[in-house]
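A.B. asks: With these hints in hand, go ahead and build the complete structure from the sequences.
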Amino acid sequence: MNQLYQLSIHQAHELLKQRKISSLELTQSVLGRIAEVENKIQACITITEDTALRGAKEADSCIARGDIAPLTGIPALIKDVICTQGVRTTCGSKMLENFVPLYDATVIQKLKTQKAVIVGKANMDEFAMGSSTENSAFFPTYNPWDLDCVPGGSSGGSAAAVAADEPTYALGSDTGGSIRQPAGFCNTVGLKPTYGRVSRFGLVAFASSLDQIGPLTKNVTDCALVMNTISGYDPRDSTSVPYPIPDYTRQLIPELKGLKIGVPREYLVTGMQAGVRRALEIAINKLQELGAEIDWELSLPSTKYALAVYYILAPSEASANLARYDGVKYGFSEQNAPNVIQATEKTRQFGFGPEVKRRIMLGTYALSAGYYDAYYLRAQKVRTLIKQEFDQAFKKYDALVTPTSPTVAFKIGEKLEDPMQMYLSDVCTLPINIAGVPAISIPAGFAHDLPVGMQIIGKPFHEETILHIAFAYEQATDWHKRKPGIQ
Amino acid sequence: MKLTHAQVKHIAWLARLGLSQTEIEKLSLQLSDILGDFEILQQIDTTDVPPATHPVPLQNVFREDKIARSCSQKEVLANAPRQEENCFKVQAILE
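Protein sequence lines correspond, in order, to chains A and B. For the first sequence, the residue numbers in our numbering are 1 to 487. For the second sequence, the residue numbers in our numbering are 1001 to 1095.
Each hint should be verified, as a subset may be incorrect.
Distance windows between CB atoms, simulated [stated by the list, open to error]: (1) B:GLU1085 x A:ARG19: 53 to 61 Å; (2) A:ARG250 x B:ASP1045: 39 to 47 Å; (3) B:GLN1083 x A:PRO301: 53 to 61 Å; (4) A:ASP67 x B:VAL1049: 50 to 58 Å; (5) B:GLY1036 x A:GLY413: 18 to 26 Å; (6) A:GLU281 x B:ALA1006: 47 to 55 Å.
The hints are simulated quantities; they were obtained by calculation from the structure and are not laboratory data. From the three backbone atoms N, C-alpha and C, an ideal C-beta is built for every residue, glycine too.
C.D. replies: Here is the structure:
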C-alpha cells in the first residue's frame, strides 16, 4: 500500500486505532486524490474540503480519547440525493441546484455519530432516474476503467469515485439497480438492502415503495461495516422495520458448505454479452468449489414482466413525488408567466431534464382516469406475482445468483436517444426492488477489458447470507483488488 | 398504442408540465413505443391476485404523538425563491 487513499475502511480503521495514521492525514490524502483525478472522472458535484478537514480533526481528538467506531475518521462520499444539513443537495437537477437542506438524513446522522468524515456529494442521474449518470443536469461522470464509457447509474458518481480510490467508500441509493449496476460497471461492491432495512428519512423521494439507501465499497467487509452503521428502525420512516440488526461481519466466513444457490435461467438470456455469461459461469463454478450446491434449473417465469411493472410503478410514484417541485417553497422558479399555473408549468419545463419529464409523463398517464386499472393496478398485481415467485424460490434456496447487468459498461452517448435500450440495462436488477429483497453486486471478472458484476440475491432481511457468499467468493478471487490505474 | 399530440398535451396539463412543440412530438413517439412494450402485461391472468402497494410486512404503523422540535419560520423560508412578510410569495390566485 503506497498511499493512504488506497486503504479500505477496515484497513484504515486498524491504522487509526493503532495511531499509525491520523484521520487528518487520511482525509488530506483522499482530498489530494480527488484533486488529482476529478478532472478526468467528474464524480463529485460538491467537494466539502473545509468541513472534511475540520471533521477529521474532530475525529482525531475522539480517537485520542480512545473513542473510535468502525467509521470514525474515515472519508465518505455521499450521493447527492441524500440530504446533508448546510451542504447543498442537488439530486443532479437544475431544479435543486441551490437547495440547502435544513436537516441531515438519518443515515448521515448515523455517520456523524461515529465521526465519519464527509468529503463531498456524488454526481448522479437527475432525481436518480437513469442508468448511466448522463442524465445529470451538470456533467456526465466517466468510468475510470475506460473514460469513453459510462460508469452506470444512477449512483455513477459514487461507484466511479470508489473505483478510482477517491473516497474510502460511498453511499448510493437504489430504486431499480442504481447501486448495483454502477458497482458492477466499476468493479466495486454495492449492496441494496431489504426494503425497510435502512431509513429513507432525508432521501429525496423518487419511487417510495422501491427506494433504498446502501453502501458502495472496495470490498465485502467494508460493505458489512457500513451496513452495521446505517441499518435500523427509524421512527421518522414509517416503512422502516423494527427488527433487530445483526452484526453483519459475523457471518463473513470463507466457505459455503451447506448453502443452496439457485441460478434463475430467465436472467441468462436476452441481450446478454457472451463475455459476461462466460465470466458469470466461471464465478458460479467457484461458488460450487467453495462448497455451495448450485441449481442451474431454477425458473422464475414472471421475470419477463418485471421491466414493464417497474416502468409503470416507478414513474407513477415519481409523478406523485415530483409534484412538490412547484417553484414556491424551494428550488428553481420561473415566474415570467401570466398566472400561477403557467408559472408552475414553466418552472417544471425549465427545471427538469428530458428523462425526468419522460417519467413524469409516463406515470401521470398510468395513473390517469381510464388507464389506472389497465396500467397501474395491473402492474401492482403482477408485482404480487413476482414477489410470490421469489418467496417460493427462497423456500428452496438460500440465495440466487445472476449477472448484475447483461453487458459491461457501454459507451457514452450510446443509449441516450433510446430510452428502452437504456431501461434494459437494469433488467437483472429491477425485479429485486419489485420484490423488496436484498441483493449485492460484487466484482466477478472481466469481459472486453471491463468489469463484470455478479448479483447475489437474498431472502428479505437476510443480508448476512449474501454478504457471507460475497465474502467467500472475494477471499477466493482477486478481482476486487484490480484497479483501473487512473492517474 | 399510439399517443396523439392532443393526448400528450392533456397528460402534460395534468402534470402541470410545460412542453415545447419539439418535446410534444418526441414524447408522443417515445411514450407510444414504451407503452407498446407494456402490452405484455395484458397477457397475464390477474383475477384474484391482490395488488401489492409496497414490499414490507407492516400494517397500520402508528407512533406516539410526541412534541418535538420543528423548523423555525426563518428556516422554513430559507430556500424560498421569493418571500414577503414571512410568507412564501406566489402570483395572485384570485384577481
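A.B. asks: So, for every hint listed, does it hold in this structure?
C.D. replies: We went through each hint and held it up to the structure:
no.	hint	result
1	B:GLU1085 x A:ARG19: 53 to 61 Å	holds (56 Å)
2	A:ARG250 x B:ASP1045: 39 to 47 Å	holds (44 Å)
3	B:GLN1083 x A:PRO301: 53 to 61 Å	holds (56 Å)
4	A:ASP67 x B:VAL1049: 50 to 58 Å	holds (53 Å)
5	B:GLY1036 x A:GLY413: 18 to 26 Å	holds (25 Å)
6	A:GLU281 x B:ALA1006: 47 to 55 Å	holds (51 Å)
Comparing the model with each numbered hint stated earlier shows that all of them hold.
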